[in-house]
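Let the hints inform the model, and build the full structure from the sequences given.
Going by my numbering, the sequence shown opens with residue 1, and the numbers climb by one from there.
No wet-lab data here; the hints were simulated from the structure. These figures come from a predicted structure and were not determined experimentally. Don't be surprised by glycine CBs; every beta carbon is placed ideally from N, CA and C. One or more of the hints may lead you astray.
Beta-carbon label-pair distances, calculated as ranges [unchecked claim]:
1) P266 x I303: 50 to 60 Å
2) V357 x E12: 28 to 38 Å
3) L235 x Y342: 26 to 36 Å
4) A175 x M325: 40 to 50 Å
5) L235 x K306: 44 to 54 Å
6) R121 x A71: 32 to 42 Å
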Amino acid sequence: MNHWEYDDNKIEAKELTITVSSMIIGVGILTLPRVLAGTTSSSDGWISILMAGAFAVTIAVLLGKFAGLYAGGTFFEYVRSLVTKPVAIVITGIMCVYFMLFLAYEIRAIANISKTYLFDRTPAEYIGLMFLLIVGYAASGTRIGLLRLNTMFFPIVLVVTFLLLFFSNSIVNWADLKPFFVTDVKRLMVGAKDSVFSMLGFEVILFYTAMMKRPKEAPLAAAVGVVIPVVLYVLIYLICIGTFTPWALQEIGYPAIELAKEVKIPGEFFERTESIFFTIWIMTIFNTASMALDIAVHLAHSIVRKGKRIHFVAAICPVAYLICMLPKNVIEFALLGEVISYMGFLTIGMTLCLYGVAAVKGMIK
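Okay, structure coming up:
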């Protein structure tokens with residue numbers, strides 16, 4: 001199979017912004033309103049989202065600065081210059097496993113949601129396998145091609161989402177957002193933790209900044225890339241609260257999809273608006289899963305240094321598929337998501353420690 005070769009294999013700051021946003025916006029946004037409705041009172045969940053957003057933006061900026069230190073190189077090569085080679089292999093290996101688990105979670109999520117709303121007679125195992133094969137094909141090509149695909153899909157996702165939110169105004173009871181500021185700080189912090197879990201994925205900055213023409217722009221691009229999903233999360237959460245009420249929202253599995261089912265577009269052009277929403281969200285999850293696989297392959301290849309890219313794709317995909325099918329029910333699936341989230345915090349913590357080592361060694365200009 002011949003691959004198209006791009007004349008310019010570098011990306012601009014706006015493309016990194018889109019990449020970060022595409023990675024964050026995935027399954028989490030479909031369930032976050034329900035989670036926050038259970039941990040906060042009234043409509044105060046938006047405060048938790050903003051708290052989580054402020055934390056995520058801060059960390060994203062720091063990761064962007066760290067990634068700028070090895071522009072033109074690889075994460076593994078730079079880590080090896082900071083610590084011993086065995087330690088560098090362990091750190092890189094942990095990150096590879098994290099992104100492989102990230103991929104597995106996205107695959108299982110799309111299988112579960114598709115079976116619930118589209119293919120009720122098709123086993124989730126088949127749905128997940130088909131989606132994984134498509135993701136594997138996408139990740140087998142060039143890395144720059146994958147990022148260009150993000151750039152093409154992301155505007156469509158934003159436009160359709162904001163249109164659905166706009167048309168949902170007619171079914172929102174804004175009075176249900178009252179009273180305000182009635183949740184204690186402890187529960188707001190719990191909500192912020194849950195919100196941060198839904199914002200993980202901005203770690204891709206560490207692996208795509210090296211492809212930038214001007215790596216110094218990475219921190220700002222990363223910050224904007226996190227802010228976009230935060231704004232989207234707040235809007236979807238508030239509209240879900242106003243549409244379903246906080247009490248009913250706790251019983252809805254995927255509030256964002258149910259919201260799309262309630263929206264009526266004037267003119268009766270579309271009878272099932274959730275079909276449009278679900279289609280564009282499949283595009284989003286495809287982007288997220290493809291990048292997770294791409295980074296897992298990139299990290300594995302940087303350690304082994306042998307074999308072709310397609311070989312690593314062929315090795316990682318079956319493992320990810322087996323992992324994604326391990327959960328037997330919703331509770332076990334949620335547990336898998338929690339494990340992945342804590343692994344995400346572990347990878348962030350390791351990176352910040354490496355940033356500190358670089359500072360001590362005087363490698364930061």
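Check your understanding: Is 44 to 54 Å right for how far apart the beta carbons of L235 and K306 are?
Key -> Cβ of L235 to Cβ of K306: about 47 Å, so the range 44 to 54 Å holds.
Exercise for review: Given the range 50 to 60 Å, decide if the beta-carbon distance of P266 to I303 lies inside it.
Suggested key: Distance hint for P266, I303 holds at roughly 55 Å.
Practice item. Take the C-beta atom of V357 and the C-beta atom of E12, compute their distance, and say whether it sits inside 28 to 38 Å. Key: With Cβ atoms ~30 Å apart, the hint holds.
Review point. Does the Cβ distance between R121 and A71 fall inside 32 to 42 Å?
Key: 50 Å, violated
Check your understanding: Is 26 to 36 Å right for how far apart the beta carbons of L235 and Y342 are?
Key -> Since L235 and Y342 have Cβ atoms about 28 Å apart, the given range 26 to 36 Å holds.
Review point. Does the hinted range 40 to 50 Å hold for A175 and M325 at CB?
Key: Since the Cβ atoms of A175 and M325 sit about 44 Å apart, the hinted range of 40 to 50 Å holds.
Hint 6 from the earlier list is the only one contradicted by this structure; the remaining hints agree with it.
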